[in-house]
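Based on the sequences and whatever the hints tell you, model everything.
Number of protein chains: 2
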Amino acid sequence: MARTRLTAEREAELYAAVLDLLREVGYDGLTMDAVAARTHSSKATLYRQWGSKPELVARALRNNKPVSPGQIDTGSLRGDFHAMAARNDYCQMEKDSALMRGLFHTVHENPDLRQALRELLIEPEMEGLGELLRRAVDRGEIAADNPALYYVTHMLVGAIVARQLIEDRPVDQDFLVSYLDAVVLPALGV
Amino acid sequence: MARTRLTAEREAELYAAVLDLLREVGYDGLTMDAVAARTHSSKATLYRQWGSKPELVARALRNNKPVSPGQIDTGSLRGDFHAMAARNDYCQMEKDSALMRGLFHTVHENPDLRQALRELLIEPEMEGLGELLRRAVDRGEIAADNPALYYVTHMLVGAIVARQLIEDRPVDQDFLVSYLDAVVLPALGV
Numbered sequence: 001m002a003r004t005r006l007t008a009e010r011e012a013e014l015y016a017a018v019l020d021l022l023r024e025v026g027y028d029g030l031t032m033d034a035v036a037a038r039t040h041s042s043k044a045t046l047y048r049q050w051g052s053k054p055e056l057v058a059r060a061l062r063n064n065k066p067v068s069p070g071q072i073d074t075g076s077l078r079g080d081f082h083a084m085a086a087r088n089d090y091c092q093m094e095k096d097s098a099l100m101r102g103l104f105h106t107v108h109e110n111p112d113l114r115q116a117l118r119e120l121l122i123e124p125e126m127e128g129l130g131e132l133l134r135r136a137v138d139r140g141e142i143a144a145d146n147p148a149l150y151y152v153t154h155m156l157v158g159a160i161v162a163r164q165l166i167e168d169r170p171v172d173q174d175f176l177v178s179y180l181d182a183v184v185l186p187a188l189g190v
Numbered sequence: 001m002a003r004t005r006l007t008a009e010r011e012a013e014l015y016a017a018v019l020d021l022l023r024e025v026g027y028d029g030l031t032m033d034a035v036a037a038r039t040h041s042s043k044a045t046l047y048r049q050w051g052s053k054p055e056l057v058a059r060a061l062r063n064n065k066p067v068s069p070g071q072i073d074t075g076s077l078r079g080d081f082h083a084m085a086a087r088n089d090y091c092q093m094e095k096d097s098a099l100m101r102g103l104f105h106t107v108h109e110n111p112d113l114r115q116a117l118r119e120l121l122i123e124p125e126m127e128g129l130g131e132l133l134r135r136a137v138d139r140g141e142i143a144a145d146n147p148a149l150y151y152v153t154h155m156l157v158g159a160i161v162a163r164q165l166i167e168d169r170p171v172d173q174d175f176l177v178s179y180l181d182a183v184v185l186p187a188l189g190v
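Heads up: the protein sequence lines correspond to chains H and V, in order. Position 166 of the first sequence, counting from 1, maps to 166 under our numbering, and the rest follow consecutively. Position 124 of the second sequence, counting from 1, maps to 124 under our numbering, and the rest follow consecutively.
Mixed in with the good hints there might be a few duds.
What the hints assert, rightly or not - Covered stretches of chain H (in silico footprint by chain V; criterion: 3 or more residues with CB under 8 Å from a CB of chain V, positions within the stretch not fixed):
| # | segment |
| --- | --- |
| 1 | 147-156 |
| 2 | 161-170 |
| 3 | 175-181 |
Stated by the list, open to error - Here are the in silico distance ranges between beta carbons for each label pair:
| # | chain 1 | residue 1 | chain 2 | residue 2 | range |
| --- | --- | --- | --- | --- | --- |
| 4 | V | 23 | H | 29 | 23 to 33 Å |
| 5 | H | 24 | V | 44 | 27 to 37 Å |
| 6 | H | 16 | V | 12 | 49 to 59 Å |
In short, the hints are calculated from the structure, not lab data. Idealized CB from N, CA, C, for every residue including glycine.
In structure tokens form, the structure reads like this:
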């Protein structure tokens, strides 16, 4: 059966409604019925388009990340990192830190959501970051055998979680740029 | 009123029972009645000794960390870091990763618990880590103005969270030593 494409605008509208519902009722309380009602669409359309609730939620969260790190290419690693920090998803994440903390727990209890987030959100981001780092290795900015290459995601996750959890402060562009310059670039020998 | 000291053994027994209950019923389900019943003590004793449920839980969690990083003093930063990684709290944390993930969410919803954990667990650990780092600065191993000094906790939290969340693998001593050598020491210029 042919899958009718939604317009990008309509899709963004649907994703925004899903994130609103997530904030209001949480993942467990979010139903396809509620999404259908809120967006004036039919449940059949939602299932045809997204297959399942975990996939719909993962795609709605991914829609906050308009640019993959792999698409960033300023010619230097520092430039790429700073452009990454300037992507508006991190500002979104700041507004959504309560949402993210709630999801952290939900993900633990919902293997289907965990798998959808891993496939649709985390893996594409990590692949994009991998591309960005490979280009830096090819340019000779990072030694190919630098052991910190494997841990770039760990360093970034740490910045985001510790900032919110320990410092109770928002993850904004200034913080990310400062952390990238103080920690990630020196660890990579740049 | 004089506060009767419990023996260290009895205290450890009580803390172990609190952690067992946390795993079984979660923070919200854990009552002082249940702790009293499980440990054959009176509720009056529990309140006299710990004041409140958040304080009891924070002290039980802290009891997993027998050595403060400030007490570690091998003579070199690398040695101190490796000794830190060998403390058995991280192995405990591995066994307790489900517990920790549950708490992450609970902490968000319970300001009293958040404050108790901050005062009794996080701040003493961070102060200890600060002492350990200050000694390295005094020895001339780290430049006093190295901007990564401010981010050591962020780097460590990242290692622990990303290892469990993204890699779905345990935080063990080998992982921590490898991360400290690949990331934290180079970022500090060591």
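Cross-check of the supplied hints:
no., hint, verdict
1, 147-156, "holds (count 8)"
2, 161-170, "holds (count 5)"
3, 175-181, "holds (count 3)"
4, V:23 - H:29: 23 to 33 Å, "26 Å, holds"
5, H:24 - V:44: 27 to 37 Å, "43 Å, violated"
6, H:16 - V:12: 49 to 59 Å, "51 Å, holds"
Hint 5 from the list above is the single one not met by this structure.
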